[in-house]
Amino acid sequence: MDERDHIESLISVLNETYGTISWWDAPFDEVAIGAILTQQTRWENVETALNRLRSAGLNTLAAIAAADPADLESCIRGTGFYRVKSARLRRLATFFLDQYGGMEEIDLIPTDLLRRSLLTVNGVGEETADSILCYGLLRETFVIDSYTRRICTCAGVSLPADRLRRIFLSALGSNTHLLRSCHGQIVEYAKEYCNKKRCQECRIRNLHE
DNA sequence: GACCAGGTCCTTG
DNA sequence: CAAGGACATGGT
Numbered sequence: 001m002d003e004r005d006h007i008e009s010l011i012s013v014l015n016e017t018y019g020t021i022s023w024w025d026a027p028f029d030e031v032a033i034g035a036i037l038t039q040q041t042r043w044e045n046v047e048t049a050l051n052r053l054r055s056a057g058l059n060t061l062a063a064i065a066a067a068d069p070a071d072l073e074s075c076i077r078g079t080g081f082y083r084v085k086s087a088r089l090r091r092l093a094t095f096f097l098d099q100y101g102g103m104e105e106i107d108l109i110p111t112d113l114l115r116r117s118l119l120t121v122n123g124v125g126e127e128t129a130d131s132i133l134c135y136g137l138l139r140e141t142f143v144i145d146s147y148t149r150r151i152c153t154c155a156g157v158s159l160p161a162d163r164l165r166r167i168f169l170s171a172l173g174s175n176t177h178l179l180r181s182c183h184g185q186i187v188e189y190a191k192e193y194c195n196k197k198r199c200q201e202c203r204i205r206n207l208h209e
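Heads up: the first sequence runs through residues 1 to 209, numbered per the numbering used here.
It is worth saying that the hints were derived from the structure and are not from the lab. Treat each hint with caution, since some may be false.
With a cut-off of at most 25 angstroms between alpha-carbon atoms, the simulated DMTMM-like pairs for lysine to aspartate or glutamate come out as follows [said to hold, decoys possible]: (1) K191 / D98; (2) K196 / D145; (3) K191 / E73; (4) K197 / D162; (5) K191 / E201; (6) K197 / E73; (7) K191 / D25; (8) K191 / E30.
Treat the numbers as computed from the prediction; the structure is a model and nothing was measured.
Input sequences plus hints: build the corresponding full structure.
Structure follows, in structure tokens:
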């Protein structure tokens with residue numbers, strides 16, 4: 001059994017457990033905003049912040065770029081690191097506005113180029129970039145986050161993020177719906193089973209040997 | 001009251 | 001390059 005086989009087994013277990021799912025189905029702007037806000041932060045707190053942003057009319061990149069930083073910070077305080085995140089949101093917003101202006105422009109950019117371009121934005125790392133590409137723009141990429149690392153370690157595969165990404169991409173093919181579903185399954189599975197109470201009943205741990 | 005959460009950047013050795 | 005720290009609030 002090599003790493004690729006382990007990942008394929010993992011994918012099978014996830015599909016048996018949940019089937020194909022729809023996950024993080026949101027407008028582009030809100031995916032981009034949420035991708036920053038969820039850095040090192042529980043999703044429930046991000047939801048609260050997104051609701052505040054909607055109420056304040058700050059749930060678009062254009063509005064954020066033009067907003068008073070204090071207003072932005074008061075909306076997102078509950079997600080932690082709010083000063084850092086408000087600066088990151090602002091840079092990401094101006095990045096998209098300055099570079100591409102509209103969705104028509106973005107749609108013309110190849111995924112690998114767009115990814116490299118996103119990674120030049122201060123505050124956008126690999127996970128944030130892939131989240132925006134995968135869930136906001138439905139591009140062919142795969143998100144490697146702490147849940148993915150954890151569940152892969154459980155499955156006996158400890159590799160750097162970029163290697164994991166290649167393996168998942170290769171195992172899942174180019175179906176973007178499937179790529180979004182699989183990462184969603186991982187998050188749901190990890191939240192449900194990969195904690196102190198339930199780790200014993202985790203089916204992933206028994207995949208190898 | 002520790003301890004952790006769907007990271008990323010910056011500084012040091 | 002690897003390791004360590006900073007950023008900060010909200011829930012177990």
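ask   = Within 25 angstroms, alpha carbon to alpha carbon, are K191 and E30?
value = This hinted pair holds, its Cα atoms lying about 23 angstroms apart.
ask   = Under the criterion that the straight-line Cα-Cα distance not exceed 25 angstroms, is the pair K196, D145 satisfied?
value = Answer holds: K196 to D145 is near 19 angstroms, not above 25 angstroms.
key: Given hint E201 paired with K191 - CA-CA distance at most 25 angstroms   = Roughly 13 angstroms between the alpha carbons, so the hint for K191 and E201 holds.
message = Next pair to validate is K197 with D162; report whether the Cα-Cα distance is within 25 angstroms.
response = This hinted pair is violated, its Cα atoms lying about 30 angstroms apart.
query = Given the hinted pair K197 and E73, is their alpha-carbon gap at most 25 angstroms?
reply = 36 angstroms, violated
task = Measure nothing beyond the straight line between the CA atoms of K191 and E73; if it is 25 angstroms or shorter, mark the hint as holding.
result = Violated, at about 28 angstroms.
query = Is the Cα-Cα distance between K191 and D25 25 angstroms or less?
reply = 19 angstroms, holds
ask   = Within 25 angstroms, alpha carbon to alpha carbon, are K191 and D98?
value = With a Cα-Cα distance of about 38 angstroms, the restraint between K191 and D98 is violated, given a limit of 25 angstroms.
Checked against the numbered hints given earlier, the structure breaks hints 1, 3, 4 and 6 and satisfies all the rest.
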